[in-house]
Amino acid sequence: MNDDQNMQESIESANMTDSVTKDIAEETGPPKMTARNVDVFYGDKQAINDVSIDVNMDSVTAFIGPSGCGKSTFLRCMNRMNDTIPIARVTGDITLEGDDIYAPQMDVVQLRARVGMVFQKPNPFPKSIYDNIAYGPRIHGLATGKEELDHIVESSLHRAGLWGEVKDRLQDSGTALSGGQQQRLCIARAIAVDPEVILMDEPCSALDPIATAKIEELIHELRGKYAIVIVTHNMQQAARVSQKTAFFHLGTLVEYGETTDIFTNPREEKTRDYITGRYG
Amino acid sequence: MNSLADTKRRPTDWQGAEMQKRIAGRYAAERRFKAMGMAAIMLSVSFLAFLLVVMVGNGFLGFTQTELPVEIDFPAATGGASPSQFEGPNANANLQVMGLRDIVDSSIEIQYGQKGTDLFSPGGWTAVNAEILSNPEIVGQKTTVYLPVVSDLDVAYKGEGNPESEKKVAELGDQLSTGFNWNFLGNSDATDPMQVGIWGAFKGSLITMIVTLLLAFPVGVLAALYLEEYAPKNRLTDLIEVSINNLAAVPSIIFGLLGLAVFLNFFGMPRSGALVGGLTLALMTMPVIVISGRNAVKSVPPSIREAALGIGASPLQVVFHHVLPLALPGILTGTIIGMARALGETAPLLMIGMRAFIATPPSSITDPATVLPVQIFLWSDEVDRGFVEKTSAAIIVLLLFLLTMNALAIYLRNRFETRW
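Going down the list, the sequences are from chains W and H. The numbering used here numbers the first residue of the first sequence as 1 and each following residue consecutively. The numbering used here numbers the first residue of the second sequence as 1 and each following residue consecutively.
Hints are not guaranteed to be accurate.
Distance condition first, Cα-Cα at most 30 Å in a straight line; then the derived DSS-like pairs of lysine-lysine [as the list claims (entries may be wrong)]:
hint : chain 1 : residue 1 : chain 2 : residue 2
1    : H       : K115      : W       : K45
2    : W       : K45       : W       : K270
3    : H       : K167      : H       : K115
4    : H       : K168      : W       : K45
5    : H       : K158      : H       : K115
6    : W       : K225      : W       : K146
7    : H       : K115      : W       : K121
8    : H       : K168      : H       : K115
9    : W       : K127      : W       : K225
10   : W       : K121      : H       : K168
11   : W       : K127      : H       : K298
12   : W       : K225      : W       : K270
Residues of chain W placed beyond 10 Å of chain H at every Cβ, according to the derived structure [stated by the list, open to error]:
hint : residue
13   : T84
14   : D99
15   : D100
16   : A211
17   : T212
Partial pick of chain W residues on the chain H-facing surface, computed with a CB cut under 8 Å [said to hold, decoys possible]:
hint : residue
18   : P86
19   : A88
20   : M106
21   : R112
22   : A113
23   : K121
24   : V193
25   : K270
Hints listed in this document are in silico derivations from the structure and should not be mistaken for laboratory results. A virtual CB, placed ideally from N, CA and C, is assigned to each residue, including glycine.
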């Protein structure tokens, strides 16, 4: 019961912030990324069945659904991380600003810089904090000198809300940070290459509640600067951080809409059952 | 729900006699295992200690030589040669013209009688030659040099000689002394055990190892990286994997036959050279590096690869910026094992002619050369009793070479080790 109340509250708060941004969202132009009739196969097994979705610049999109429903698989299609799995096959269209990301002329390396990713488990490089952030800009040649690189590192850490905690120990190993700090370091690392979209694959599932709260706060602050897609198992989190929610089940997109609608007034029976905890 | 099962089950008696017996049995098993483990370690440590004591004890004598003093009156023997003749590039030629060997021999005859030269090692006069070259001043004066005795006397003085030479040693008495055998460090193989040296074989080993490392390490690492990171997983790569694993288990002499057939007969490379030896040993070392390299690459966490790919690193950048540095310590461990095995290898080198009598150290990779283990093998086969301690001394040099090489590799490995 208590849980339900909490959820109700968080939905309400999400509702309020959403009503402010709703008008802006409606004014924005074409969606940042679109997916049309996407199917994903692992060998003979179909993991994603006919999913179509739009991701907007000014809203955080949450993917929810029970384990194995394909939400992470779909997320990984959006920056072609699935390419690393030889048996994975993707059909349908996914576009970034109108360009088909699976087109032969699309450069995967550049795509992944434009569509950054934050993983479930914090995975900083076993290098210094500075080098963790500077690695992306270095390989893409985003900075022409040491000064510019320093600036990118500092501003990325600022944006990730980590600067105050690490500014005196930039040369320490990134792996020496706490779990929550490591995850914010990974977000800063993704930001450093100046992406347009940030994909987050259960970014808080390995973190304690305080670190989770910090990440959620960070997601709020990053909204508007980047299109953000977040996969989460935590429905309260989806309600708190997102404006749009997509509910996946058994590889299909059951329902996609405003977060407030999904949580308060779902159209589908399955969605209602899932968010009220009847199964999943 | 399972009340039926519960009623049938009798209560567990944690304090009962049967339980106590089980506990005692468990403790006894622990103690037995500990005792056996300790016994195994003691056994291997004692083997190692035995080996080292025997080798050092015998080999130490190989670094010393028995000497007799010889007084040479240069002004009288040369009719007043000036020291300045023996400086500069013509020094050696002038010494030959002067007949240094005869001067030394006649000085010996004056001091030790008609048969005096029989007491001395035939090549001993070269020590005087070397001394004049480093210090020409001694030609202008009467000087005493210590020259190595003949091998039989040397062995007798060190305590293992035949009766005849022991009698001579007793006659010479206090005149005999022990000095450091610089010849052993500076010379190459010779027929006289008093004149043999390890330098030629040492240099041969060094050059051969460099050739082996330069070929086996990059090829092995590239093969490991390609197989793990790039190659598609199919029947062909499975076959390659099995072949590489089998290659690592092939007896080393077969690599010698391969080297003989391919490098000497087909490519016509110079026989007995460090180049062919190094190539043959590289064939043998490569599979070891590939196998350990693959394991090291495999153990790099996939999350690091994903992290790098996720911010737009190309597959090549992922491999060279992240995977290789993290795998390097493991690769180096395999390289140490492979190189140590290559350094101690004799059999394949016999097949490609590196068992020749090499009296001058090799100065390039194509010069005829031999290596330390082959040199040890050759000396251990000699009839002359004087070679026994030289063999042990050569083993000490080989062990020191091995230790130095491993220490260097371990130092490098620790430097590259990433702290997580």
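Right, here's what the structure says about each hint:
{"no.": "1", "hint": "K115(H) with K45(W)", "in the structure": "violated (97 Å)"}
{"no.": "2", "hint": "K45(W) with K270(W)", "in the structure": "holds (23 Å)"}
{"no.": "3", "hint": "K167(H) with K115(H)", "in the structure": "holds (15 Å)"}
{"no.": "4", "hint": "K168(H) with K45(W)", "in the structure": "violated (93 Å)"}
{"no.": "5", "hint": "K158(H) with K115(H)", "in the structure": "holds (22 Å)"}
{"no.": "6", "hint": "K225(W) with K146(W)", "in the structure": "holds (25 Å)"}
{"no.": "7", "hint": "K115(H) with K121(W)", "in the structure": "violated (88 Å)"}
{"no.": "8", "hint": "K168(H) with K115(H)", "in the structure": "holds (12 Å)"}
{"no.": "9", "hint": "K127(W) with K225(W)", "in the structure": "holds (28 Å)"}
{"no.": "10", "hint": "K121(W) with K168(H)", "in the structure": "violated (83 Å)"}
{"no.": "11", "hint": "K127(W) with K298(H)", "in the structure": "holds (20 Å)"}
{"no.": "12", "hint": "K225(W) with K270(W)", "in the structure": "violated (33 Å)"}
{"no.": "13", "hint": "T84", "in the structure": "violated (7 Å)"}
{"no.": "14", "hint": "D99", "in the structure": "holds (16 Å)"}
{"no.": "15", "hint": "D100", "in the structure": "holds (18 Å)"}
{"no.": "16", "hint": "A211", "in the structure": "holds (18 Å)"}
{"no.": "17", "hint": "T212", "in the structure": "holds (20 Å)"}
{"no.": "18", "hint": "P86", "in the structure": "holds (7 Å)"}
{"no.": "19", "hint": "A88", "in the structure": "violated (14 Å)"}
{"no.": "20", "hint": "M106", "in the structure": "violated (13 Å)"}
{"no.": "21", "hint": "R112", "in the structure": "holds (4 Å)"}
{"no.": "22", "hint": "A113", "in the structure": "holds (3 Å)"}
{"no.": "23", "hint": "K121", "in the structure": "holds (6 Å)"}
{"no.": "24", "hint": "V193", "in the structure": "holds (5 Å)"}
{"no.": "25", "hint": "K270", "in the structure": "violated (31 Å)"}
In the structure shown, a violation is registered for the earlier hints numbered 1, 4, 7, 10, 12, 13, 19, 20 and 25, in ascending order.
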